[in-house]
Amino acid sequence: MAVVTVDEVASPPRRKKGGSLDRPSLREQAASLAFLVPGAIWLLAIVIYPAVVTVKDSFFNETDTKAVGLTNYKNLFTTAETLIAFRNNVIWVIIFPFVVTTIGLVLAVLTERIRWATAFKTVIFLPVVFSVTASSMVFTQIFDTSPQVGVANALIQTVSDWFSPPGAYPLSPGTTAASLASYGATGGPHGTVVTTSAVNAGSAVKIGLTGFPPTTFQALGARQAVLPKPAKGDIVGVVWRDFSANNPTNTSSILPGEDGYPLMHLSLLNTHGSPVASATTGGGGQFVFSNVGPGAYKVSVDASNFAAGFGAGGVGVSWLGGQSLTPTGGLGQTEQALLSVPLVDISMIIAYLWIWAGFTMVVVGAGLAALDRQALEAAKVDGATEWQTLRRVTIPMLAPVLVVVLVTMIINVLKIFDIVINMAYNTSEPGGQASTLASDVYFKGFTNGIHTGLASALAVILFVLVIPAMLFNLKRIKGGGS
Amino acid sequence: MTTATPPITLETNAPVPTAIAAPKAGTRTVSWLHAGRAVLNIFMVVVALLWLLPSLSMLIISFRQAGLFETSGWWNVITHPLQWTLYNYRELFSGGPGSTVPSGFRAGGALDSVRTSLEITVPATVLVVAVSALAAYSLVFGRWRGRNIIFLTIVGLMVVPLQVAILPVVEGFDDMGKTIGWNPYGTIEGVVIFHVAFGLPFGIFLMRNFFLGIPKDLIEAGRVDGAGEWTLFRRVVIPIGVAAAASLAIFQFIWTWNDLLVALVILGADPHVPITLFIYGQERTLAANFWIISTGSIVSIVIPLAVFLGFQRYFVRGVLAGAVK
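If you're matching them up, the sequences are chains A and B in order. If you read the first sequence in the numbering used here, its first letter stands for residue 1, the second for the next number, and so on. If you read the second sequence in the numbering used here, its first letter stands for residue 1, the second for the next number, and so on.
Bound conformation, chain A alone:
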């Protein structure tokens, strides 16, 4: 409480003549001061004194037994582990406060123009009331790797399937179309399978493929494979599963029990390898190219049949995994790691925007409501468009509120913790792709017993980082005429 003394030195008590009303007695002063005591004790014991101890501990070793000078701080700024945490805090601070304030401003301006503003605001504001833990779980599921679970990947799958639909015979990862050819064909360009020998009109072609489980083509209505008889001028053939459990070594004949592949898309290639006709196989794998002109041709099984499509096997984008946007070119490994933006950060920022946009919208909205309506009306009368009014009148007038919101959100993300350890639980530990200063304080300080040195130094850094915000608040509140 040394501050009190400073204050008294600064403004020495002035004695007033007479009038004990203006100059309360010591007893009177004490009576009203007593009301402050519970709060003061609480703050001194649990906030101020421990904070001082933390500063002291930051100059001691892990078990708080030996003074180590600046070693902890030196370690903080030199070990890759904590530098990753710094990087993530920087990413959060650069992206999040600005974006969430902008969203809040846009929504606040737009809500003023709809009749159901109360309902809208309530909907957007709700996540502020939920715990970050619960919200993190929602977004963990939204960003699930499998398109069968996570909405994000399901949406990408839907769009991707729209533009490049998966084939009826998707390849499992790691296999090539060429490895499927077992008889009469071989791997062609761009993931196709092409017959080995050229044929003329009036001939029959057999294309044997293996490597698909029977369930795949049976689901498509496959029947016993049959080789059609060629009519004059046609090239006919069959695409079939060249494998019989009863006679596994016979790889050229169509044996009983060997099914055709239905719904295979085929192309007829001329001698230059350009497609001249297309066909689709029937239930028994049979196909016909009618009225083929003279010359030699090859039959190609299109690559589209084998396209796996996005999210095949339940593996889409690993939003919360270890992927990141990494800069390349002329950078060492450490620099690359420090300059990369992990996907998990972006995913968490999206979730955090959902959580906090309601807050920024309501605070900016309150600022908007308190604005001088006359200035806005004047701008409109002068013929300013909505956009001009917003940019030239509303936003400049709102600037103080926007700055408060921005600062609040900066403080918020400097301390970012809950969402990190919940959404990125695999990569939030020290050195992990998603770790932050606050998560490092927790893991280094409290897991596997209590360690004070490094964790205290981290906490002090965290504190130092919020000091500008603290000064901003002090200046604002002091200047606010309180």
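Don't read these hints as lab results, they were simulated from the structure. Note that the coordinates shown come from a computational prediction; the quantities given were computed from them, not determined experimentally. Wrong hints could be hidden among the right ones.
DSS-like mimics (lysine-lysine), calculated; alpha carbons at most 25 Å apart, straight line [as the list claims (entries may be wrong)]:
id, chain 1, residue 1, chain 2, residue 2
1, A, LYS478, B, LYS216
2, A, LYS56, B, LYS178
3, A, LYS66, B, LYS178
With chain A fixed as given, assemble chain B onto it according to the hints.
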């Protein structure tokens, strides 16, 4: 926003500027405006739906058969309306003797966690409001010098990250165990003590701002009449300050209810944990059951949601006043 906040809530919006059509606007302009209004409304509906979707997905998952989670997205309920079940809730609430999930009021069960959350949140809220009101009274109506410096110190404390204090506090708790035989570490009391400390700066700030609106003459007149400070506090300030107290209480309640870090550090090893820690712990188990997590999450938001919807006006006022926390 530094002085007593205007009573702006989600409900009382600024007057909607209705007179958009300028006097000279012809019919073409008006119809264009109508089109613009329709586009705006559609856009806002889309945004609102986008914001509802995450919560809605969690709600749907909590009512769906657990086994479906891995194989079919929750959106399949649109085409398969028969997948609803109350099993998840029944299991999490009652959980028979043979139940393998952390259910009911057993230690670590879902309902036990809700109870623990209440055991932490209610005392922490009451204490923050009471201690803040006392301190704010002293800061506004007190007759001692240095009130402004103390107030600014408290404003400064508002942004102090709790990470800065929590390590020594935990150690201090252990020391208490050795010296006076009572160690708040691992107890609900320990969590409450910590939450109150970090709720106070904002609480005092908020209450002070509201008390500033009470005429000082009222207090001075009381003093001239010989009323004691306690009487003035109880008879004059408290009745006027109820709305402020309500704002602070709702804010503190939701804040404490949603805390994870303090509970994790102080109660991490305890069998009785608050609901946020219950969810976090479920995620960390080896065979994480998403149906427990999603149902638990829905359970966890019921109480804060009810408090918010019931006292929306007060909560928003607290949020606005505390835009600095």
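The hints, checked one at a time:
{"no.": "1", "hint": "A:LYS478 / B:LYS216", "result": "holds, 20 Å"}
{"no.": "2", "hint": "A:LYS56 / B:LYS178", "result": "holds, 22 Å"}
{"no.": "3", "hint": "A:LYS66 / B:LYS178", "result": "holds, 22 Å"}
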